[in-house]
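Assemble the whole structure, with the sequences as input and the hints as a guide.
Sequential numbering of the sequence shown, starting at 165, is according to the working numbering.
I should point out that these hints are in silico values taken from the structure, not numbers from a laboratory. Note that CB positions come from ideal geometry on N, CA and C, so glycine has one too. Some hints could be false.
Claimed, not checked - When the alpha-carbon atoms are kept at most 27 angstroms apart in a straight line, the in silico DSSO-like pairs for lysine-lysine are as follows: (1) K297 <-> K460; (2) K542 <-> K596; (3) K213 <-> K397; (4) K460 <-> K392; (5) K542 <-> K397; (6) K596 <-> K474; (7) K460 <-> K473; (8) K292 <-> K213; (9) K471 <-> K297; (10) K542 <-> K460; (11) K542 <-> K392; (12) K397 <-> K460; (13) K474 <-> K326; (14) K460 <-> K471; (15) K326 <-> K471; (16) K596 <-> K473; (17) K213 <-> K326; (18) K392 <-> K473.
What the hints assert, rightly or not - Taking CB as the label site, the calculated pair distances span: (19) H389 <-> L282: 42 to 52 angstroms; (20) W353 <-> D569: 30 to 40 angstroms; (21) G428 <-> L350: 18 to 28 angstroms; (22) L282 <-> M377: 40 to 50 angstroms; (23) F423 <-> R375: 43 to 53 angstroms.
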Amino acid sequence: MGAKTQIQNGLAAAKQGIRRGFLHVFAGSTLVKLVSALSVLLLPNILTKNQYGALSVPDTFINYVLLFNDFGISNALLRYCAVREEPGERKACFLFGLRFGFLIDAVLIAVAAVVLFLLNHFGIYPIKPLEAKLLAGLMLWPVAQFLLDNLTYYFRAVCANKEYGRISLIFSVGYAVFPVLFALFLNVWGVVPGRYLGYIVALVAGFYMLRAMPSFQGRAVLLRHEEKVEMVKYGANQMLSSLFSQIMPIVEMTIVNLFVLENGRRGEFRIASLLPSMLGYMTISVIVFVFPYFAKHYMDGAWVWQKSKKLYLVLAAGMAVLIPLGILLTPLLVRTFFPAYNSPETIRVMQVFWAAYGVNAAFKATTGNILAALGEVKFNLIVTFFASVAQGVFCYILVSRFTLDGAAWGLLIAYSAYSLAGMVYLRYYCRKMIRVQAAFAHDMPEEEDEP
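This is how it looks when you write it as structure tokens:
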């Protein structure tokens, strides 16, 4: 294929994506993160190093709770609404997800409070008074996140890309700006109400947009018991799969909190990961846009592998530029934006994090989301379980000997191993589906909606 033909095909694909709302998805998933950078850059400079470091304990604990949030029913909503065509069925899935998620979160918060009390009471994981008060104020965070997930996942599933882009923009701006504004007057205590206000504004706007959608104004059908059980099972499997994947940096922060008791150094470690972790934002908009299409083609192995290769190539090309650039600019970025945290250790750790989060953005997160869209959650569950356990042990050994440097290298190794295993399995899965189609001469109707 000549260069001219490739350019023409690329332009045609771009025009098709724009017509289907990719720009709204891109704005909702990536460009608004530039606004979030305001919070990332300003908050550590408004708070003292000790105050910013003190946030690491409540944030880490709440992140553990968020791993089990709504028992994965939001993920089930995303997939089952994407594969269903009738508005009444989609609305029924959404309402069932709301009821089930509220019940799970009520139990989850109660259990988390008891676990926190026991860990602190028996000295297993001591918590300072300031950290405990901040944690108590943030305990409703999982509920707010569950409601927002349900809304945004529904918009994604029904390809309501404009609504998705708008609510993402509103939330990103509010969640970035309000904590900073409140912190100017209340210091670290302003972070809690600022975060909640960001959620509240986005949820009010989101539910208003949802009620205005013609497809949501109809009557919801009654879901059969078997359908509800199927959704819960899928959500639970996907939750466990995502749990072991997302737990890696959380376990890492827990181990750092265990070995590094000074809140100032904890703050330096958090600073080291802030900018590199934004590499994932490049991946988000692409994955959000293509997820429903992968879900619709879950039986077409050839289609899935062809599109997967294109995603890998595009994202890898982007990371091949951004990772070296980030490593090269790290000393300048730290001196410019985080002068209070400028130290050789912070710079070294951040440079390793550019590579770790780049691998995650290009390969690990992409593969995991593709497999989730295909409904293939067992592999994600198995491989992420072993990867997270190995990473926890490896990270513990490295941090105990090399402190913050060991944590960064441990995360890079874990992400690289998972990415390789996931890509190999995805290729195997696609080949298996191709053989199944050939053996049974199963002609799948070709979809018109392709990214």
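#### Entry: Hint check, failures only
1, 3, 9, 17, 18 and 19
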